[in-house]
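Protein chains in written order, with our numbering: chain A, 1 to 340; chain B, 341 to 870.
Simulated from the structure, these hints should not be mistaken for lab results. Idealized CB from N, CA, C, for every residue including glycine. Please note that the accuracy of each hint is not assured.
[As the list claims (entries may be wrong)] Which stretches of chain A does chain B cover? Using the computed rule of at least three CB atoms under 8 Å from a CB of chain B, they are:
id, segment
1, 136-149
2, 263-269
[Stated by the list, open to error] Under 7 Å between C-beta atoms, here's a sample of chain B residues computed to sit facing chain A:
id, residue
3, V419
4, E599
5, L603
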Amino acid sequence: MLNNVLSFTDRGIYCPAGDFYIDPWRPVNRALITHGHADHARPGHRSYLCTDACAPVMRHRLGDISVETVKYGEVRKIGDALVSFHPAGHLPGSAQIRVEVAGEIWVASGDYKIVADGISEAFEPVKCHSFITECTFGLPVFKWDDQAEVARDLNAWWAQNAAQGKSSILGAYSLGKAQRLLAMVDPQIAPILTHGAVENTNAVLRQQGYSLPDTIHVTPNLNAKQHPGALVIAPPSALGSQWARRFGPSSTAFASGWMRLRGVRRRRAADRGFVISDHADWDGLMQAIKQTGAENIYATHGYTDIFARWLNTQGYNAQVLKTEFGTDEDDTETAIGDAA
Amino acid sequence: MKDFAALFTAIDQTTKTSLKTKALAEFFRTASDDDKLWTIALFSGRRPKRAVTTTQLREWAAEVGGIPLWLLEESYPIVGDLAETIALTLPPPNRISDLSLTHWITELKSLAALDIDARKARILDAWDQLDPTERFLFNKLITGGFRIGVSQKLMTRALAQATNQEEASLAHRLMGGWTPETTSYHALIEADDAEADESRPYPFYLAYQLEDDPVALGEPDTWQAEWKWDGIRGQVILRNGTHHVWSRGEELMTDRFPEFARLTDFLSDGIVLDGEIVAWDGTQPFPFNTLQARIGRKTVPKKLLKDAPVILLAYDLLEHEGQDLRNLPLQDRRARMDALLQDLPEDAPVKVAPPLPLDTWETLAHTRATARDNRAEGLMLKRKDSPYLAGRKKGDWWKWKLDPLTVDAVMIYAQQGHGRRANLFTDFTFAVWDGNDLVPFTKAYSGLTDEEFRKITAWVRKNTQQRFGPVRQVTPHHVFEIAFEGIHASPRHKSGIALRFPRMSRWRHDKPLQEANTLDDLKDLLETYG
């Protein structure tokens, strides 16, 4: 490649002109971070750069780290590179990172979705020459229903359980998905209880000014009987555990893009699976890629081989980029692909 | 179709058998007779004749979905179900209809008389008026294997609840060669013991695996022991001057095993024998793979008939002189069977499977250890006073199988699973050492916990060396204990051997790569047990 704005190393995506990495998976001096999920924001880097909306969650998760922040759209000069962060719509504070060197523009998408979810900063298409895109759901079978429609189903499920005196336990990622669900559900139905992992993230985001409905933290001495018909939001790993038994008779559900597949739904052995994803669906990926105007596409994280092959038939110059995203989330969910 | 789709959704949304049964019983109370009959047919493994090929379906779905065929083909293994892949690929319908399940099945059957263009037009028209769930079910009707989490047993129970009939008698009514075209709901389910279908078998009584010491079963003299033969379970039925052979999978196999036609020369009408169909070398069964050659053939060439003749090793008599004997104690059924079969000529295609001596559990354990030498997989233990029940019931019949053979092998290829296991690496190829090379010798898919599959999946993603389509070559590192029931020579495999029922019995974290078994070890096993 003549103008290597970004190159791919065993530590991660690297910019030689600015001597920095984007979402590196091994410790580096300078890491630019798209969002706070554990497979993108890893511990051990000497310094971090992310959006001001992303920093509180990173500090919460990674502890005492050296973080510099930028606003969305603000341009920084790092070495010979011009760098800016743009909303990715994946979760509150998430960004795509634009890197320009001598007029050549690359964008690393991180994870993204293009539909508005009611809480994350809305996805912004960024023109570029080369686009590094995730493709978690890069198959034509993945198409998401309208969020309002899913919200109706979700509320109907909860209301029906509440009417039968049952709790509704909903498994969802503690960062991003949980808060999006909070923005989707109808708090009038019954109280909303949250697992500690979810509530801690809620607290961080509330302090930043994101608006969330009232929730009750499930502490060891909480008496679940005092909250009949409650909606309980917890990380997927908590479902079916000792922790979940305190809620008595209950119906269980997962919220994830994988719930589109009946096989995965059945494997999770929950009563319901709601198709709600923080990644772009097939049409969303295609739309995002088209809007960048990019000729060179690097597909990462997902069905990369198939997706790149498809893009090549559509006139793009597409390649597979091997990364370690989506393989090592602290929550084991990602290990089976439930990046949600 | 909307009520059937709602039934499917109710069943699919729960893992609780009681709720599934309730939903199905409610459907049986409210649906039309035709829809009920078809629902019974679908959940007992009967389906309309395939009107279009799955290849045509794929091509049409890709075309309507606006994607190239290869992309649909690539999506299929990830979704794990063709009917679902197609339902998920199609654009939303342009209109909505609510025609019955029977309507759509009739529509599918009518396609047989049309040319291919007309068939295509009708399938596309159907897709265009069905919602995604209905489409999935409609496609399932075409692709076959209507497995959606409802067993025949569960369906029978729901039907029993809805009709206030005995489950066991309904199970019997549902056996045999009926199709929705040859009967009606009334005749099948409601009519006063309609003329019993002359080919109708009895529901098989199935044994549970004995996990504990048989001492827990009590006094040995109340039990009967037999070899557990490695053949296929079958019922041979003699009624109205003709005969029928059924496999346990309720497949009519009369034509595959023409040997049994001679039985009508020796035995009278009104007899049903339960036993094991085995390929017989004159004194003992051939290994299972000899029988396998027979199972695969719908018509049998003369040579095969001569090289691998089958017989029934009979161990139970369910009907005699047209009387259902199932409520008699086993020892009485046995006595009648022995009397009936004792005078058969030596070359008759039925032999009594003799009980084994059973003095003490300890001596029986020694007998069990010799099962492989006797071409058996282990022992069957049956309570002498037990009636012949329907289905898998605990208590009276136990299978006491041999411990499987095992080898320690190295995982070298991995592939994602299907259906419930889509997105997990669950299908692995294993190798043993041949000098410094690893020679693949078997695949295995089962035996690990979900947690272990998750772990190995994460590992495979990080340790992929090369990809061949969906197959990934991984760094040789992990050793697994592979358990299997039998081993035989196979020129089709690179290693020269093939295993029966291989599965992963243990993840040998403790075992270094170099200490996995060798091809010579496998050859020794082949020598001993093949």
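Status of each hint after checking the structure:
no.: 1; hint: 136-149; in the structure: holds (count 5)
no.: 2; hint: 263-269; in the structure: holds (count 6)
no.: 3; hint: V419; in the structure: holds, 6 Å
no.: 4; hint: E599; in the structure: violated, 42 Å
no.: 5; hint: L603; in the structure: violated, 45 Å
In this structure, the hints that do not hold are numbers 4, 5, in rising order.
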